[in-house]
Every structure is written in structure tokens, then in C-alpha cells.
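Chains Y and D supply the protein sequences, listed in that same order. The first sequence maps to residues 1 to 300 in UniProt numbering. The second sequence maps to residues 1 to 276 in UniProt numbering.
It is possible that part of the hints are untrue.
[Unchecked claim] Straight-line alpha carbon distances no greater than 16 Å define the calculated EDC-like cross-link-like pairs of lysine to aspartate or glutamate that follow:
#	chain 1	residue 1	chain 2	residue 2
1	Y	103	Y	197
2	Y	161	Y	135
3	Y	245	D	231
4	Y	14	D	169
5	Y	103	Y	200
[Said to hold, decoys possible] To list a few chain Y residues with every Cβ distance to chain D over 10 Å, as calculated:
#	residue
6	45
7	203
8	247
[To be verified] Just the calculated beta-carbon pair ranges, DEER-fashion:
#	chain 1	residue 1	chain 2	residue 2	range
9	D	163	Y	198	28 to 36 Å
10	Y	152	D	45	17 to 25 Å
11	D	189	Y	74	54 to 62 Å
12	Y	150	D	50	31 to 39 Å
13	D	163	Y	248	46 to 54 Å
14	D	20	Y	84	53 to 61 Å
To be clear, the hints were calculated from the coordinates, so they are not data collected in a lab. What you are looking at is a predicted structure, and each value in this text was computed from that prediction instead of being measured. Glycine included, every Cβ here is placed at the ideal spot set by N, Cα and C.
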Amino acid sequence: MLKPLRRFTLSPEKSPFFYLLPVLLFMSVMVAYPIARVLYFSFTQNILTRPDLGVTFVGLQNYVTLFQSAEFWATFTRTALWTGLSVAGKSLIGFLLAWLLAKEIAWKRFYMALLLIPWVTPMVVAAIAWRWVYDGEFGMLNWVLTELHMLSDHYVWLGHKLSAFVATAVTDMWLGIPFMAMLFLAGLQSIPREVLESADIDGASSFQRLRLIILPLMKPVILVATTLSAIWTFNSFGVIWPLTKGGPVNATTTLVVEAYQRSFGAFDIGMGSTIAIVIFVILMLFTLVYYRALMRREEL
Amino acid sequence: MNKRGKHLWVHILLLSIFAVLLFPVAVMVSTSLKTFAGIFSWPPTWIPDPPQWANYIQVWFGPYQFSAPFFNSLFIATTTALITVVLAFPAAYALTRFSFVGRRSLLFLMLMTQMFSPVILIVGLYQIVQSLQLLNTFTGIIITNCALTAPMAVWLLQGYLRNVPLALEQAAYVDGCSRVTGILRIILPLSAPGVAMAAIYSFIFAWNELLIPLIFISDSQLRPASLALTDFVGQNVVYWHEMMAASVITTLPVAILFSFVQRFFIQGFMSGAVKE
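All chains should be modelled from the sequences, with the hints used to inform the complete structure.
Structure representation (C-alpha cells):
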């Protein structure tokens, strides 16, 4: 029962704008204007450490330079791989947990409580705790792996390119698993019992049930969950920065870290803004997918 | 018999997954109770004897003065939550009780803004905050936080408000009650759980945020907990036992708040994708 509005007015009785105005004003100043600024900066040469060069309008030059640099494409690929690795890990482990927790088992509340622990851990805390776990000299990971005879010598996990890449992704996975598990669990519990029971009567195996009934019915949930997770993972700064600051030798520099380093490390505002706009465009695409997935089931 | 056997496997699987999942938390808590010498002993011990509870007192009052960043965070996060709700609640009300041109686009815009990484806006925001002379102030961090939390809060609240029945509100209007009074007296109390959810979401966002203070705060007196923790690790000698105690302290407020609302979060994010 929505009331249609005929004329523009600010009356609190008749107009939605009375209620929307504060947030719209605030967002224009704090979101729309900054984006416009960043967009403008991306068309300029603006290096704060070189005031002698001044701020000059260079058109699309920054974009051309960026897209022609091999380093950018390396960062781009690295970001895609890092995001993909983390989201795949979160989804698979999250799904496995949800699938196990959806069964009628004892101690369910106990397991759910355990699942909350990584979820409530602030990102920075998780990153620092993992940093200590990964520590090359006294880290517990080295100790466990030596005890299991999987490692003979101490390994500096965050000091080597590949292991740092995987280690940061694992930390990010760790933070995201509970959310994925909860979403999937909600999805699994919404599957009508009769459907699963009739499959049982027809003699479907556990695996057939998963592949032919559960997964197709879960498709919208999986789409929403993985897209949302991909957006967050892609944006992740709070995990990588305290762990490695993008190192060693750029091995964990994702686009977000790169944008930060360009603007606030090298003070190259022009190039930093250009990367920010590229991130913005990529996020818009992700958001469209998320919105479509969400709206398919929803009337707004 | 068969059924029991099956479930045993489920428990074994679950317990082994959780053993791995809780490993870093166990390390964190265990380290927070060790002595400085204890953290460098090899092989490491899991249960320090005796547990050094004094580490918590030491990190709170000692040279690190972790109480300061903790209270900074508490102030920033609480204020962020309050302002966010004040901005978002009327907007969410308008989006559920009126129909107007651009309503759907506005909802989409809110959702999209929520997906932004602060990194996209930060150069522009830095300029605004700088020109308002709010660098190195809590106000600068708080207004920036609100810009990033308000859209999600609107989204969560409108999802909640849509299920608050119109009938009660309308009865009040028939009795000659003004709309603003109706909202404050009827809708707001009815949507208290939704408001709490939006506030807690904003609180946790502000509590966890690292990039914004990293850029806006250089005065070490004003650092929030997230930044203070990151700074510890940058130093040459890391007092891991105290770091881990500070980490546990930083986790507690979020853990307490989160346990109240996690169910609503799921519904908020999924609204529609899962049919109840």
C-alpha cells in the first residue's frame, strides 16, 4: 500500500523527500562528490612530491599508460587469482560445513557457536593472529607441520612469494567461511522436506541427492553468496595490509593495495585515482550480477 | 544403527574442520597468556604455566596504553552507529511507505554504494576532510564511516520496515496523529530490532575499519584499536604476548554485539534469495 506522489513537496505528511533529504545530501557530499573528484583526478597528472610539475589535465593519458603497463596486468591477474582462490575456498568449505550442519545431529548449537568465532573476529585482529601463526621463527604453523613431519625446517611463510600469496588468501578465507556457511545453511533449510523425502523413496544416493536436487535448488543462493563474497574479497585491504603490506615484491599487491600505495605511498594522485576508477568499474559489474541474482526472487 | 554410524562421521568431520578453523584463535589466546620468554620457547607450549593474566593489565595500562585506542574506537564506532541510524531510518521509511519516481533506482544506488571499497573514494574524501580541517580528528573518521555505512543501513532497515504492518500506523493517522509523531511513537518502537541491527552493523564496520584511520590519523593519541594493532607489528621487537592480549580485547565488543544479531544479518543480506 504505497501512496503515489503527484507533486514535488517537502511536507512531512505527503512527501518522501522530507525523509530522504538528509541522507541524500550527506551522500552527495560524501560519496558522489568524492567519486567525481577521483574521476577528475584520473584525467590529470598530479604528483604531490613533484609540485614543480603542477596539476595538468592529460585526458586519457593515465588510462593509456596504465593499460599499456605489464605491471598493471600482472596486478590485475593477481587480484583475480587471489579473489578466485579465496572465494572458492570459502564457498567449498562453507558449503561442506552447511551440508554437515543441515543434518539432524546432536550438538548443533555448539557447532554454530564455534562457527561464530572467526566471524566475530575483527579483520585486523585475524590478520595479526595469522601473522603470528605464520611467523618464520616461532610460528605455530611451523611447529604443527614439523610435528606432522611435513616440514623439516622453519619456513618464513610471509617471506616467499607463492606462500605469502596463499597465506593471505587463507586468512581471508578463514574470515569468510562462517558467513558462507550460514548463507548456505539458510538455503539448505529452505529446501522443502518432501522433495528430499521423495528422493529418498526413489532410492537416490546421497551424492545424487546433492547433485540433482540440492545444488539446482540452491543455485540462486550460491549465486548471491559467491557474488557478494567476491565483491568483499576483491575489496579486501584489512587482511593484506597488516599481513604483508602487499609484499614480498608485490606478491600480494592486489588492485586495492596498489591504489592505496600509488596515492598515499608514492603520492601519485593521478595514477592512484585512475586505478580507483578501474576498481569502481569492476565493482559496478559485480554489483549488477548481485542485483540481478537478488531481484530475480524479489518484488521491490 | 546405520543412522548412528553415519552421524559419527559427521561429527568427526565437523570436529576436524573446527580444529583447523579455531587453530589461530587458540594460538591467539594461548600466546596472550605467555611470558615474553615463553613466546620464544621452542617447542612452543599450548597452555602456559602459570597463565600470565597480568599481560592483559600490562597492555591496558602499560607502555602500550591500549586503553586509549580502545576507547577511541568505542567512541568512533558508537557515534558512527548513532548518526547512521538517524540518517538511514527516515530514508528507509520513505522507501517503504511512499511510491515515487526513482524509488527503485535509489534502492539500487544504495546497494551499489555498499559495494564500494573505501579505496575508491579515499582520495576525494581526503580532500573534503582536509578542507574541513578535520584531518586528525574523530569527526573526520566518523563522517567518512557514516558515508560508507548509511547505504547498507538503509538497505537493511527498508527490508525490516517492509514487514511492519501499515494498519497500526494508519489507525493513528485516522485519530489525527501527524506522520512524524506516528513514526516516532509507533513505527520506531516496532522496528527496534531492525534499528538495532543497522546500528550494530555500523558499529562493527567502524570498529574494524583500517584504511580510513590509516590515512586520516597521524596523531598517535587518536589512533583507534585497528590502527594501533597494525602499528605494533611494524615495530622491530614485537611483544606478541601483549599484542595477542590486545587482540583478544579488541575482539570482545564485536563478539558480544554480534552474537545478538547474526541471524538478522543473514536475512538482511539474503532478503529474497531464500524463500522461508
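Worksheet entry | Least C-beta distance from residue 203 (chain Y) to chain D larger than 10 Å | Residue 203 (chain Y) is indeed farther than 10 Å from all Cβ atoms of chain D, at 15 Å.
Discussion item. Quick check: does the Cβ-Cβ distance between residue 163 (chain D) and residue 198 (chain Y) fall within 28 to 36 Å?
Written reply: Because 32 Å falls inside the window, the suggested range holds.
Fill in: Status of the given 17 to 25 Å range, CB of residue 45 (chain D) versus CB of residue 152 (chain Y)
Check passed, 22 Å falls within 17 to 25 Å.
Fill in: Range agreement (Cβ of residue 84 (chain Y) with Cβ of residue 20 (chain D), hint 53 to 61 Å)
violated (21 Å)
Item to complete: Verify that the Cβ of residue 247 (chain Y) lies farther than 10 Å from every Cβ atom of chain D, and report whether the claim holds or is violated.
Response: holds (13 Å)
Worksheet entry | Hint check for residue 74 (chain Y) and residue 189 (chain D) - Cβ pair distance inside 54 to 62 Å | The hint (54 to 62 Å, Cβ to Cβ) holds, given that residue 189 (chain D) and residue 74 (chain Y) are roughly 55 Å apart.
Worksheet item: Is the hinted range of 31 to 39 Å satisfied by the C-beta distance from residue 150 (chain Y) to residue 50 (chain D)?
Response: At roughly 32 Å between Cβ atoms, residue 50 (chain D) and residue 150 (chain Y) fall inside 31 to 39 Å, so the hint holds.
Fill in: Distance restraint evaluation - residue 163 (chain D), residue 248 (chain Y), Cβ atoms, bounds 46 to 54 Å
Holds: the Cβ-Cβ distance is about 51 Å, inside 46 to 54 Å.
Worksheet item: Regarding the pair residue 103 (chain Y) and residue 197 (chain Y), is the alpha-carbon distance no greater than 16 Å?
Response: holds (13 Å)
Item to complete: Given the hint that residue 245 (chain Y) pairs with residue 231 (chain D), test it: the Cα-Cα distance must not exceed 16 Å.
Response: Roughly 12 Å between the alpha carbons, so the hint for residue 245 (chain Y) and residue 231 (chain D) holds.
Practice prompt. Taking the shortest Cβ-to-Cβ distance between residue 45 (chain Y) and chain D, state whether it exceeds 10 Å.
Written response: holds (14 Å)
Worksheet entry | 16 Å Cα cutoff - pair residue 161 (chain Y), residue 135 (chain Y) | Between residue 161 (chain Y) and residue 135 (chain Y) the Cα gap is close to 15 Å, so the pair holds against 16 Å.
In this structure, only the earlier hint numbered 14 is contradicted, and the remaining ones agree with it.
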